[in-house]
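Given only the sequences and the hints, what does the whole structure look like? Please build it.
Each chain is listed here by its residues.
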Amino acid sequence: MKLNRRNILALLGSSPALLAGSAYAKDKEKKKIGAASESFSQIKIEGLNPRGIPPAIQLVPMAPRLKTLDGKTIYLVSDGFPGADHFLNQIAIWFHKNMPSVKTVYRLKAGAFADDDPKLWAELKAKANGVIMAIGH
Amino acid sequence: MGIPTAPMVTIAFKDLAKTNAAKRGMPDERICFTPHPVWGKTDAQMYAYLEGDDPVTGKPLMKEVIGALTDPLTPDEKKSGTVTPSTGPATFVDTQDNLQKYYMNNGMTDFMSIVIPTKEKVDAMLKGTSHDPEEVIGELTPARGSFPAWKFTVRQVAINAVMAGAEPEYLPIILAIASSGLPSLSSSTNSFAVAAVINGPIRDKLNMNYGIGAMGPFNDVNASIGRAWTMLSKNLGNCGLPGETYMGTQGNVVSFNNLVFPENEKDSPWTPFHVQKGFKAEENVVSVFFGYGIAQGQGGKGSAVKPVPQFDQGLLYNFTPLTSIFGALAVLDPLVAKDLVELGYDTKDKLYDWLQKNATLTVGDAKTMLFTGGFSLRGPQAANLKDTDLIPRWPRKEMINAVVVGGQTNPYYQVGNLSYARSVSIDKWM
Chain A
1 MKLNRRNILA
11 LLGSSPALLA
21 GSAYAKDKEK
31 KKIGAASESF
41 SQIKIEGLNP
51 RGIPPAIQLV
61 PMAPRLKTLD
71 GKTIYLVSDG
81 FPGADHFLNQ
91 IAIWFHKNMP
101 SVKTVYRLKA
111 GAFADDDPKL
121 WAELKAKANG
131 VIMAIGH
Chain B
1001 MGIPTAPMVT
1011 IAFKDLAKTN
1021 AAKRGMPDER
1031 ICFTPHPVWG
1041 KTDAQMYAYL
1051 EGDDPVTGKP
1061 LMKEVIGALT
1071 DPLTPDEKKS
1081 GTVTPSTGPA
1091 TFVDTQDNLQ
1101 KYYMNNGMTD
1111 FMSIVIPTKE
1121 KVDAMLKGTS
1131 HDPEEVIGEL
1141 TPARGSFPAW
1151 KFTVRQVAIN
1161 AVMAGAEPEY
1171 LPIILAIASS
1181 GLPSLSSSTN
1191 SFAVAAVING
1201 PIRDKLNMNY
1211 GIGAMGPFND
1221 VNASIGRAWT
1231 MLSKNLGNCG
1241 LPGETYMGTQ
1251 GNVVSFNNLV
1261 FPENEKDSPW
1271 TPFHVQKGFK
1281 AEENVVSVFF
1291 GYGIAQGQGG
1301 KGSAVKPVPQ
1311 FDQGLLYNFT
1321 PLTSIFGALA
1331 VLDPLVAKDL
1341 VELGYDTKDK
1351 LYDWLQKNAT
1361 LTVGDAKTML
1371 FTGGFSLRGP
1381 QAANLKDTDL
1391 IPRWPRKEMI
1401 NAVVVGGQTN
1411 PYYQVGNLSY
1421 ARSVSIDKWM
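Chains as they are written, first to last, in my numbering: chain A, 1 to 137; chain B, 1001 to 1430.
Hints were generated in silico from the structure; no laboratory data involved. Owing to the predicted nature of the structure, the values given are computational and were not obtained by experimental measurement. Do not take every clue at face value.
[Said to hold, decoys possible] So these bits of chain B aren't anywhere near chain A, every CB distance computed over 10 Å:
#1 Gly1213
#2 Gly1299
#3 Gly1364
#4 Thr1388
#5 Lys1428
[Unchecked claim] Taking lysine-lysine and the DSSO-like style, the derived pairs with C-alpha atoms no more than 30 Å apart in a straight line are:
#6 B:Lys1014 / A:Lys67
#7 A:Lys109 / A:Lys125
#8 B:Lys1350 / A:Lys72
#9 A:Lys97 / B:Lys1350
#10 A:Lys103 / B:Lys1018
#11 A:Lys67 / B:Lys1041
#12 B:Lys1306 / B:Lys1350
#13 B:Lys1078 / A:Lys127
Using N, Cα and C, we set each Cβ at its ideal position, and we do this for glycine too.
Below you can see the structure in the form of structure tokens.
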């Protein structure tokens, strides 16, 4: 006779129905695990802030404004991105049409977009009353 | 400078321009916005922008520009002093699930589940280095010169390494990458990619994968180090905030965990990459690259030639779509490298030399390219060039590099439009 758990129980005079108990036990165990994970999910933990150290910001007061643009020299400065030269030329045309007393001067900043250009800044300081700077795209 | 200035920026860069002005000390800078884009528009279309409204304020654009130069300053605009920005509390306390959401919703992750960096896990991670946890080890910025750089400590790198799933033994490589100053996420509208090639005995010590599938998701060391690079770029360099510090118009799938792989020194017929850069073979080194990304190269010209495929011709063929603004990185399976040796390239240097001399483009083509390799189109010599003249795609052979990786299942290769940036010692961080 092939022995399995039901046959063994029958030989021992016990009802094979006892096996049903194991299913109950499994279910009970499952509920226990569920409750444990539920309570685990409520446990609070402490995570560290992964951010670095931003630099302090030095506030820079803006330069005093002009009372009027009449008769003033406005430098039109491009950072070198394609199209900025054409765009600034249109601004020059706009001033010529709408505010002809404004003199415009076009300059291309040297180097890549973010590079410094001390020579140009010195020229602006010496000759410009105001600046319109076209940045990027 | 002390001269009234009206910066003009297109509307697509509103957040970037305003936050960057604030970080540079002018939170109220009078930025005037145009519609986007300016580049590629006709003169008439550009003039129409000037006659129209500033898309941010809704007021006439040129009136805004004139006002920016002439309206009296407000008290806020005259302010000076120092402001110390905050990055939030030192710790966050909540349940696992809520912390996952918190880190993700606050831009500190790559939008996949992380390992929560508890003090215990970070302390364990710090055992991977002899360095003082509070040592400030580097700076990162989304674009050097455009954004103020953030600094960071060994501990802060370790926190990010935990989040990425790395083990303490990987920390020296992650510290080396962080200290290189190259972030994995750049602010550019281009969607750049980065690569890190690891050389030296640490590759075997950590069981890194330089064989089959080395560049894919098949090894926790390669994967978690690459992932940590993106995580630390976001958190330690303030990179990767779309619209503010990340403007890559399409993004780059490589940025999830980047091109991080060790060179297959064992099967390469050539000098290891780090030795080419002046290190000793027994040193552990990471070399970092940046550029547009990488593409499969197999199937190109020369691959079917027998008995030895002409992989030099194949590389040249696959260099054609590359722009000259970045260099070329040939990533070769050892079988390809061995065939190149048979073709006479017994050193990488000979290959670089031949490729630089033969990778050319016409002046006419270069003139039509946005980022031309127009290196030869600049300077006085440019005036004498005809459109049909050939110019080198890269002016120097140093812009071409090759590394060997792969499991020799077939003689295949990939070609990256990637520039070599620098090599950094890993041993220094042990």
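Would the non-interface assignment of Gly1364 (chain B) survive a Cβ cutoff of 10 Å against chain A? 18 Å, holds
If you draw a straight line from the CA of Lys67 (chain A) to the CA of Lys1041 (chain B), is it 30 Å or shorter? The given pair, whose Cα atoms are some 33 Å apart, is violated under the 30 Å limit.
If you draw a straight line from the CA of Lys1078 (chain B) to the CA of Lys127 (chain A), is it 30 Å or shorter? 24 Å, holds
Given the hint that Lys97 (chain A) pairs with Lys1350 (chain B), test it: the Cα-Cα distance must not exceed 30 Å. 61 Å, violated
Is it the case that Gly1213 (chain B) keeps its Cβ farther than 10 Å from each residue Cβ in chain A? The claim stands: Gly1213 (chain B) keeps its Cβ more than 10 Å from every Cβ of chain A (closest is about 30 Å).
Take a quick look at Lys1428 (chain B) and tell me if its Cβ sits farther than 10 Å from every Cβ on chain A, holds or violated. 20 Å, holds
Between the alpha carbons of Lys109 (chain A) and Lys125 (chain A), is the straight-line distance 30 Å or under? 14 Å, holds
Outside-interface status for Gly1299 (chain B) - nearest CB in chain A farther than 10 Å: Check passes; 34 Å lies beyond 10 Å.
Is the Cα-Cα distance between Lys1014 (chain B) and Lys67 (chain A) 30 Å or less? 28 Å, holds
Hint check: Lys1350 (chain B) vs Lys72 (chain A), CA-CA at most 30 Å. Holds or violated? Between Lys1350 (chain B) and Lys72 (chain A) the Cα gap is close to 60 Å, so the pair fails against 30 Å, i.e. violated.
Hinted pair Lys1306 (chain B) and Lys1350 (chain B), Cα distance within 30 Å: Holds, because 22 Å separates the two Cα atoms, which is no more than 30 Å.
Are the Cα positions of Lys103 (chain A) and Lys1018 (chain B) separated by 30 Å at most? Cα-Cα ~29 Å, so holds.
Hints 8, 9, 11 from the list above are not met by this structure, while the remaining hints are.
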